[in-house]
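Enquirer: Protein chains in written order, with my numbering: chain A, 1 to 115; chain B, 116 to 227; chain C, 228 to 466.
Among the hints, erroneous ones may be present.
[As the list claims (entries may be wrong)] Restricting the straight-line Cα-Cα distance to at most 20 Å, the calculated cross-link-like pairs of lysine to aspartate or glutamate (EDC-like) are:
#  : chain 1 : residue 1 : chain 2 : residue 2
1  : C       : LYS335    : C       : ASP422
2  : A       : LYS2      : C       : GLU436
3  : C       : LYS440    : C       : GLU371
4  : C       : LYS440    : C       : ASP367
5  : C       : LYS350    : C       : ASP409
6  : A       : LYS2      : B       : GLU194
7  : A       : LYS2      : C       : ASP328
8  : A       : LYS2      : C       : GLU312
9  : A       : LYS2      : C       : GLU240
10 : C       : LYS335    : C       : GLU371
11 : A       : LYS60     : A       : ASP48
12 : C       : LYS335    : C       : ASP383
13 : A       : LYS2      : C       : ASP383
14 : C       : LYS335    : C       : GLU465
15 : A       : LYS93     : C       : GLU436
16 : C       : LYS440    : A       : ASP90
17 : A       : LYS60     : B       : GLU158
Hint data in this document are derived by calculation from the structure and do not stem from the laboratory.
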Amino acid sequence: MKNDFRARNHPAYWAFLAHRVSGVLLSLFLPLHFWALGRALQGDAGLDAFLRWSEQPLVKFAETVLVVLLAAHLTGGLRLLALEFLAWRDWHKSLLALAAGVTIAAGLAFLLNLP
Amino acid sequence: MNTRSQVLLWAAQRASAAVLAVCVVVHLVTIIYAVRNGLSAAEVLGRTQGSVAWAAFYALFVAAVSVHAPIGLRSVLAETFNWRGASLEVTVAATGLALALWGFRAVYAVFA
Amino acid sequence: MSALRVSVWRGTESGRFQSFEVPRLASQTVLDVVTFIQRELDPTLAYRYACRVGMCGSCAMTVNGRARWTCRTHVDSVAQGGRLEIAPLRNLPVVRDLVTDMTPFFDKWASARGRFQGGATRKDDFARVAPGSPARQLADAGIECIGCGVCYSSCDVVAWTPAYLGPAALNRAWTLVNDVRDTGNRARLAAVAGDAGCHACHTHMSCSERCPKQISPTAAIAGLKRATALAALRGELEG
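Construct the entire structure; sequences and hints are all you get.
Expert: Okay, here's the thing in structure tokens:
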């Protein structure tokens, strides 16, 4: 018999979930990102066409989500590196709050800097 | 895959993570700054083309991601689909190679 | 006097929840509830307990989705709206009703080399181990484990990776890695490393969250990750 959500409903598990989901989504995004940048091989025009397309609000929203995913994966990852490599301390729960805070800050910084 | 290799995979995952931590922070700051006046090819390529330092930075970024992402995906695929063994290792190695090739192509496209 | 509506798992891996009504009493524990059901309502209910005072770990079950010691779980702290759901521990074969087969749990304990291996004989003097030494403190942090299976049952990696040794076995291995008298650590590190060992841990921390003795297997596993990685880089990891 397996565990259900009741056994998983605690902060460290949510952190794992956020880290895994963001990692998978970023992995799926990367090929698209490399393809888009590769358009520069067709000269300025190639890249410009893509950049103009990306100015649509929906795309900007998706980009903001990606920034949040990246920040979440980064801060969650730093938290993991701390948990695995530093001598065990009792403030590990605070690491999670810190990671979440920085993630939101990064997302906001991106959103607020959009023209 | 023997135990020692599995342990070294874990070590490579953490090492690439440390490299990526630096790369991602720089990348996030850069794009948040770059996005301020809107993005255009002229602006972006104007800054990047011919820059050896930035090219080297992003080449390192691509290399680290090509190590980090496949090892992560390996765990996700194994645990989600109970997929283990040679076929998984080959698939995951192939994604790493694909990421590296496409990534270096993108670096060339933007910095050459 | 109010009554509790209690759903109890009956059967093996396949089965169903059976509903009972149990009188609610002050300071009642979940073990009291199960015992009442078996003695007064249905003698065919199978369950385990021994000390009933939080020392042996035999009464561990899944209560409202979380693994815990039923003798140390007050009904008042878990019964939302007068309802209780009692099931066997997860991740273990179900013998019948609330009884699980602990064999895989202890087999993995052995596979992780969770047994002390000494090099001294009766002719040698006592080992002198300073209690305040860093290694001894690390060992002491995990030494109180009584093998109840709550952490193993709470761990999703155990469910996703059948060969995974699990938090208890790895925690025990870590206490021995930090035991200066133990001579078997080279083989032990090899035994706990890899995809079925400490490296499978994703730091969910469900084990540390649920351990009734407040042990943190996550900390132990992090220590094992460092120790095995060091051994691998030095070429000291067998296998």
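Enquirer: Name the hints, by number, that the structure is in violation of.
Expert: none
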